[in-house]
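Peer 1: If you read the protein sequences in the order shown, they are chains A and B.
What the first sequence shows, in UniProt numbering, is residues 1 to 303, in sequence order.
What the second sequence shows, in UniProt numbering, is residues 1 to 222, in sequence order.
These aren't lab readings, by the way, just hints derived from the structure by calculation.
There's no promise every hint is true.
[Claimed, not checked] Calculated pairs, EDC-like style, for lysine to aspartate or glutamate (alpha carbon to alpha carbon, straight line, at most 20 Å): (1) K223/A / D18/B; (2) K223/A / E16/B; (3) K223/A / D242/A; (4) K38/B / E66/B; (5) K99/B / E136/B; (6) K38/B / D59/B.
Letter by letter, the chains look like this.
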Amino acid sequence: MTDSAFVVVRPGALTTVQDLGRVGHAHLGVPRSGALDQPAHRLANRLVGNTEGAATLETTLTGCAVRLRRPATVAVTGAPCPVTVDGRPVAWGAAVRVPTGALLEAGTAAQGVRSYVAFDGGVEAEPVLGSRATDVLSGLGPAPLVDGAVLRLGPPGGPAPGVDGVPHRGVAPQLVLPVVLGPRDDWFTPAGLRTLATGEFRVSAASNRIGLRTEGPSLERAKDGELASEGMALGALQVPPDGRPVLFLADHPTTGGYPVVGVVPEPYLAAAAQAVPGTPVRFTPLGRVSWGPPARRTGVGGP
Amino acid sequence: MTLRSLPVGEHGLLIEVDSGEAAEALHAELLRRAAARKLPAVREIVPAARTVFLDGLADPGRLAAELPGWRIPPLDRGDSEIVEVSVRYDGPDLAEVAKRWGVTPEEAVRIHSGTEFRVAFCGFAPGFGYLTGLPERFHVPRHATPRTRVPVGSVALAGGYTGVYPRSSPGGWQLIGTTDAVLWDAAREPAALFTPGTRVRFIPVPGTAGPAPGPPPEGTAP
Numbered sequence: 001m002t003d004s005a006f007v008v009v010r011p012g013a014l015t016t017v018q019d020l021g022r023v024g025h026a027h028l029g030v031p032r033s034g035a036l037d038q039p040a041h042r043l044a045n046r047l048v049g050n051t052e053g054a055a056t057l058e059t060t061l062t063g064c065a066v067r068l069r070r071p072a073t074v075a076v077t078g079a080p081c082p083v084t085v086d087g088r089p090v091a092w093g094a095a096v097r098v099p100t101g102a103l104l105e106a107g108t109a110a111q112g113v114r115s116y117v118a119f120d121g122g123v124e125a126e127p128v129l130g131s132r133a134t135d136v137l138s139g140l141g142p143a144p145l146v147d148g149a150v151l152r153l154g155p156p157g158g159p160a161p162g163v164d165g166v167p168h169r170g171v172a173p174q175l176v177l178p179v180v181l182g183p184r185d186d187w188f189t190p191a192g193l194r195t196l197a198t199g200e201f202r203v204s205a206a207s208n209r210i211g212l213r214t215e216g217p218s219l220e221r222a223k224d225g226e227l228a229s230e231g232m233a234l235g236a237l238q239v240p241p242d243g244r245p246v247l248f249l250a251d252h253p254t255t256g257g258y259p260v261v262g263v264v265p266e267p268y269l270a271a272a273a274q275a276v277p278g279t280p281v282r283f284t285p286l287g288r289v290s291w292g293p294p295a296r297r298t299g300v301g302g303p
Numbered sequence: 001m002t003l004r005s006l007p008v009g010e011h012g013l014l015i016e017v018d019s020g021e022a023a024e025a026l027h028a029e030l031l032r033r034a035a036a037r038k039l040p041a042v043r044e045i046v047p048a049a050r051t052v053f054l055d056g057l058a059d060p061g062r063l064a065a066e067l068p069g070w071r072i073p074p075l076d077r078g079d080s081e082i083v084e085v086s087v088r089y090d091g092p093d094l095a096e097v098a099k100r101w102g103v104t105p106e107e108a109v110r111i112h113s114g115t116e117f118r119v120a121f122c123g124f125a126p127g128f129g130y131l132t133g134l135p136e137r138f139h140v141p142r143h144a145t146p147r148t149r150v151p152v153g154s155v156a157l158a159g160g161y162t163g164v165y166p167r168s169s170p171g172g173w174q175l176i177g178t179t180d181a182v183l184w185d186a187a188r189e190p191a192a193l194f195t196p197g198t199r200v201r202f203i204p205v206p207g208t209a210g211p212a213p214g215p216p217p218e219g220t221a222p
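Full structure from sequences and hints, please.
Peer 2: Structure, rendered in structure tokens:
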């Protein structure tokens, strides 16, 4: 069915196929994966009349261009960018009809990092453990887009439902991330936890789908050595030996041996995924959830 | 069994215990309760070295409060089929491992292949299992500098664990052999050959014991 497809003309810096990810396989070492900006992915699908689980393209900073082999209803959301059909500007954040043979291009992001391109019918690929998401850590799912690749599209749906274009929610000049402390906040000194709360961090250029790395002050540890490997949550703020927190995004490893000082709740991860390198980051520790044991235990560190 | 509950965000619970064996027993009990629908809805149950992590709980505090009342039976090691994995004991670190153990390479092969392993947990890559079973005197350190590329199918040791690399990747474990076993096949159910709790035995391919000739590997620890 190569006629129900598109050809990659310009893959951009990194364009992957994404959906809502694969849940329930972490015990086999399989990351959740899936779209990093899930609200944008879901919106793009709704705009073209797909279910929210249909696969879209996730671009990185420089967009992508594809040539359609069937007419398609298309929508681009997430990081705002110029959208063109055969070079002519069309609406961003709205359903656009693209004829057979036309070149659809999502340009360089004006703000943010990741744009989502949805096609009616969704991008078809062989599901792995129930998901079509590309997982850059483990290599599961379809390969990232390359020049000349042909990707299939699912059967076109009916007319898109009544979702109009939506205003972009905006990219804040500063990323503010609440942090629920634990499970290993006791591996840091009170000074280290103060650094987390007051330190001026920036998004590192080494960030990717696995994690948002930070540059800035180092969190002082109360305990040396490595932790025995333990399960890692989406949104975990893991602190490697250099003391600079790494926020675990969708393709994060399922287990790890560096202490997790706290966890950023899932609703804030989309903003993290859209923060360009250099963006200032502030963490706002919320304390531990109330049922947990006290954050400070005797014999641990000291001011 | 001493259980310590630690919060992981708003919906996660990390249960810490005193030993790897206790973690396996707790994991087995969690799976039994999940199968009997006596566990609240949960998205992931991830066993690890000394912990089991439960993610996607609506009310982790409620489960944490229940835990001290649980009776967790000791691990039953005889309840699962044994997976046999054929190994050519030709790894570049076999001689070094044997030296650390104070035995000949042939004896090291007998020790490794004579051990019944158990998959304590998975991680690092899909299909990579952390296998326990070697007595503590046979634990070995990782290489100080990881190899940039470990071939697929490498049978390796680090700390108290044995593992098999499911695909070519960087890695710092001591390589003692290779296997053609398929550790991960997305079309298979389950996709992973090693799942937590699986019993594993390594079977030497006759006539292959002994290190392969060749230059020493890069990044080998002194």
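Peer 1: Check each numbered hint from earlier against the structure, then list the numbers of those it violates in ascending order.
Peer 2: Hints that this structure does not satisfy do not exist here, as all of them hold.
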